[in-house]
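Participant: Next come the chains, spelled out residue by residue.
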Amino acid sequence: MNATPDSRALRRRRQNARLALLKRRTAVASALGFAALFGLVTQHVVKGASAGTAAAPSRRSGTASSSVPFFDANPSGFAFDEGSESAQPQSGASSPPPPVAQTSVS
Amino acid sequence: MSPELAAPSAMGTHRFTAMGSEVHVLLPSDRGDAITRVRELFAEWEKTLSRFLPESELSQLNGRMGQPVVVTPLLFEAIWAGVAAARATDGIFDPTLLPQLRRIGYSDSFDRMPHSLAATDEVPRGGGDWRRIVLDRNLRTVVLPPGCAIDLGGIAKGMAADAAIGLLSEGGVRAALVSAGGDLRVHGLPPAARAWRVLVGNDPSGEVVPLVRGALATSGITRRHWLQGEARRHHLLDPRTGDPAANELREVTVAASTCEVADVAATVCFALGAQLGRKFLTSRRLAGRLTHEDGTTLTVGPWPPVRLLDAA
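Protein chains in written order, with the working numbering: chain C, 5 to 110; chain Z, 44 to 355.
Honestly, I wouldn't trust all of these hints.
With the Cβ distance kept under 7 Å, some of the chain Z side facing chain C (calculated, not the full set) [as the list claims (entries may be wrong)]:
| id | residue |
| --- | --- |
| 1 | L227 |
| 2 | H230 |
| 3 | G231 |
| 4 | R240 |
| 5 | V251 |
| 6 | P347 |
None of these hints come from the bench; they were simulated from the model. It should be emphasised that the depicted structure is a prediction, and the values quoted were computed from it without experimental measurement. Idealized CB from N, CA, C, for every residue including glycine.
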């Protein structure tokens with residue numbers, strides 16, 4: 005039995021429709037696949053970061069934080085009197101009064 | 044020979060022994076009562092932080108490696124400061140060199156220990172155990188790794204001097220000076236004076252500097268040294284080797300805002316030697332005086348110029 009032009013056209017339209025549906029399903033499946041993969045990767049990263057936070061001892065339970073500078077950034081924390089130079093005490097009328105204290109070798 | 048020292052007018056001198064050193068305090072004559080609280084403070088710090096007292100909290104902690112130990116706020120803060128100083132100096136300051144000090148015979152207070160010891164076969168090892176100490180500020184716990192033992196030595200003495208000045212300041216004392224061993228801190232100015240005239244180092248005819256504010260710390264090997272076999276030993280170790288620092292320096296004095304910082308900087312500078320020590324002080328914007336073995340000196344930063352009286 006020979007197909008009529010109408011039936012051929014109908015079959016072609018059905019094939020095209022199936023093909024289009026298949027393409028849409030493939031696209032959706034791909035999108036879902038990528039989304040799932042992205043989700044897994046994201047979850048892995050988050051878990052890793054969480055684990056890192058728990059293990060990092062330097063925030064809450066670690067050695068002294070390096071974020072706190074030990075040495076002064078402010079040099080004005082100490083000062084000498086620029087008007088009276090340091091001196092080496094020696095005997096004589098011009099000798100200054102004795103020192104008031106000593107920073108002896110520890 | 045002790046140098047001649049004279050208290051400024053209207054100020055009184057107070058002396059006592061604590062933390063292995065003579066503590067020297069200058070207070071206004073009408074506030075001599077404040078010395079009681081300073082004495083109590085040093086007694087408390089020594090009882091907590093001395094490595095020479097078996098019953099001290101530090102000694103107890105040193106005997107409990109590998110387990111979390113809840114400590115007092117004072118011990119926690121002192122260890123925290125020591126570790127912070129070690130971190131800031133990349134380990135050239137090291138609060139965990141007690142095993143190395145014991146190896147070279149420094150196992151008791153310097154005044155009690157013998158100054159001529161038998162040689163040791165034990166091989167030196169470098170420091171760095173501080174990197175494995177775990178501190179929990181919330182729980183106030185310390186975990187020392189196996190083999191690690193803490194000696195807070197000079198930094199504890201410096202922190203005690205700082206704390207004493209804080210105590211006096213909060214108590215309304217308008218001017219005070221606290222000197223503990225090599226660590227000295229001032230508060231305010233003596234009556235009718237522009238500065239505190241401080242003799243630097245152990246030489247009675249040495250340099251006197253006019254300190255207005257802040258702290259001075261001196262580290263050197265002229266006092267604490269001894270023989271182990273034929274080896275000359277001293278207490279300033281180089282953490283890179285675990286042996287006493289061996290370089291051209293005899294003494295280092297550093298000026299900083301606090302004794303805590305000045306003490307650490309002087310110790311580090313001594314361990315590094317003159318050239319690197321000078322760079323270290325410059326990079327931290329500190330002032331210092333480095334004395335070589337031959338007696339020549341090198342000053343760093345805004346250290347006051349010396350006026351030679353005989354040349355005037």
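Participant: Taking the hints in turn, state whether each one holds.
Facilitator: Structure-based check of each hint:
1. L227: Holds, about 4 Å.
2. H230: 12 Å, violated
3. G231: 13 Å, violated
4. R240: The hint holds - Z:R240 has a Cβ within 7 Å of chain C, the shortest such distance being about 5 Å.
5. V251: With Cβ-Cβ at 5 Å, under 7 Å, it holds.
6. P347: 4 Å, holds
Violated hints for the displayed structure, listed by number in ascending order: 2, 3.
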